[in-house]
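Protein chains: 2
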Amino acid sequence: MQQHAWIINHFAQGRLEGTELEWVERSVPDLQPGDVLIRTLMLTLDPSNLLWLSEEPDYLPQLEIGDVMRGLVLGRVEQSRHPGHKVGDLVFALLGWQQYAVVRGEALTPVEGAVSFHPHPDIPLEAYVSALGPTGWSAYVGMRLVGEVGEGDAVLVSGAAGATGLQACQIAKACGARVVGVAGGEKKCAMLQQELGIDGCIDYKATDDLSAAMARAFPDGIDLYFDNVGGPMLDAALENMALRGRIVISGSISQYQSHGDREKLYGVRNTFMLASKRLRMEGFLILDYLDRTGEFMPQLESWLLSGALRYRNTLVQGLENAQAALPRLFSGDHLGKLVIDCR
Amino acid sequence: MQQHAWIINHFAQGRLEGTELEWVERSVPDLQPGDVLIRTLMLTLDPSNLLWLSEEPDYLPQLEIGDVMRGLVLGRVEQSRHPGHKVGDLVFALLGWQQYAVVRGEALTPVEGAVSFHPHPDIPLEAYVSALGPTGWSAYVGMRLVGEVGEGDAVLVSGAAGATGLQACQIAKACGARVVGVAGGEKKCAMLQQELGIDGCIDYKATDDLSAAMARAFPDGIDLYFDNVGGPMLDAALENMALRGRIVISGSISQYQSHGDREKLYGVRNTFMLASKRLRMEGFLILDYLDRTGEFMPQLESWLLSGALRYRNTLVQGLENAQAALPRLFSGDHLGKLVIDCR
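Chain order of the listed sequences is A and B. Going by UniProt numbering, the letters in the first sequence line up with residues 1 to 343, in that order. Going by UniProt numbering, the letters in the second sequence line up with residues 1 to 343, in that order.
Nothing false has been slipped in among the hints.
You can't tell identical chains apart in this list, so a pair holds if it fits in one copy or across any two.
For lysine-lysine, the following DSS-like pairs were computed, each having C-alpha atoms within a straight-line distance of at most 30 Å:
1) LYS277 x LYS264
2) LYS187 x LYS173
3) LYS187 x LYS205
4) LYS205 x LYS173
5) LYS173 x LYS277
Read the hints as simulated data drawn from the structure, not as lab findings.
Construct the complete structure from the given sequences, taking the supplied hints into account.
Below you can see the structure in the form of structure tokens.
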């Protein structure tokens, strides 16, 4: 059987050129005993894709020229020679930018970065690539387990109209916090406030003093800052943190295009405030929590069914359009989760 | 009764000029019912003195021109009109750079920033301004309560030959960690290793690549970084942290001379690593832990008596020499705790 895949042609140097990957045809290997064949239904585009495309060590093994591009796939088992996996089972895993993947059945575990799941009958599959997938899990883990959001907390979320930010805002609201997002443009701010009920929104494209805008939105300081952006946004938030506030580092998308080029990275000047304000700043990766999805999936599904949690996906049809879509993650011209629909 | 005091003449602008304070004679007020008269025995010089001398909001109320300079005093009750305090009682409090202070007896509580104590009969009073005073408490709280140092941890301490650093190194050793300090100069490094038994020392004055030096000292990464320094040292440590490492922000002495001048502050470029390495970075102030000294003083005294905890004080005789001694905190030409001896 033949399939198409995106393989690495050359490494990214900062800003994406759109030629880093090459669209190739290749054969799908035959299944050996213990193997499972998974078809890609949806491929999510994530800021970390840019890190994986760089020739710079990160938290996962370095990819090589000629490798299939790494990516998170919601896939369906099409053939199985492993007793633990049946045809039709659904799974999240880093199966890469390809139409089919053949993997060892025993590797489909949280420890290996894969989570099998059973969709709720009343919830569409699209919800599982955003609110109920790794994006929603990240928002939940960052907001609740790391950030310990509580009733009455004053919460700031950057990248609020982005995939993780959208979910983080709504989870904080569901936990009784007052939530202000930072997003780019009136349209995104209107969506956050009017459609999702977020308490306030700072349009960073319409302000030349982020710190002052935060000070107006948080006269008593920020109790919890959920950071998807890093860079100058993090600096401005540090200036506006309340005593004993918490900062959750979920991502630093503003810095990924400088990955590997230390001189271009933004320097955060206000880290000295960690002591004077007694702040805790903590990073996390959802990979560490994959074995705990059973704890929070029921909560997320229940919020979704009650309307407390909504999602926005930007669907791009066809795996062949994945490379062209990737830069949209960094230009901000999409809403919510950017997904390649391969169904 | 007359006394001498240092009052604020003008605010500091970055580097100290040595004219910010004025040495004045003034009378000691008569005691009212409930008042206590405390004589300054020893005044500690601390990096935060520079923050307090600046016209820039910090974690304590802003001082005004003409105010007595704020400072931490180990004092003795000389007269008392408060039933809770007897002549001869010893106390730590922010009584200021003056020979005597008259305070309300009920204000001498941890909540108000004061701790009364009874020295162990076998321990000299000098130990209580360093290893067994707020400096030692900071080291203990930062290392154990915030940093959660444990057996086998690979620990880095910056400003290791400074007052807090010295104690932090030894406390980590006493808890079974492997400890490498960063200090300026061969003499300090030799003292740390040979006299205090610290496992290694990076002489920052003899290296032009701090990060590489740390990588050599920590081939498996740093589990716990106790930071007294901030700035480029923090950036280099971030590069060398192990997965799930902890960074305790005790101070940022490298940045205090830029306090209030945002452009001069060093920008930390590697904060994005908090997520990829799942790091926790947390600041603290000892002021928040003054009501818990009863928990850890017995441990610190026991370590001191057993020889596990040693201290180094640099004593300067006479309160009149305090202003001239203050810049020594930032030039690094002292060892351990810089103390004005007023006895």
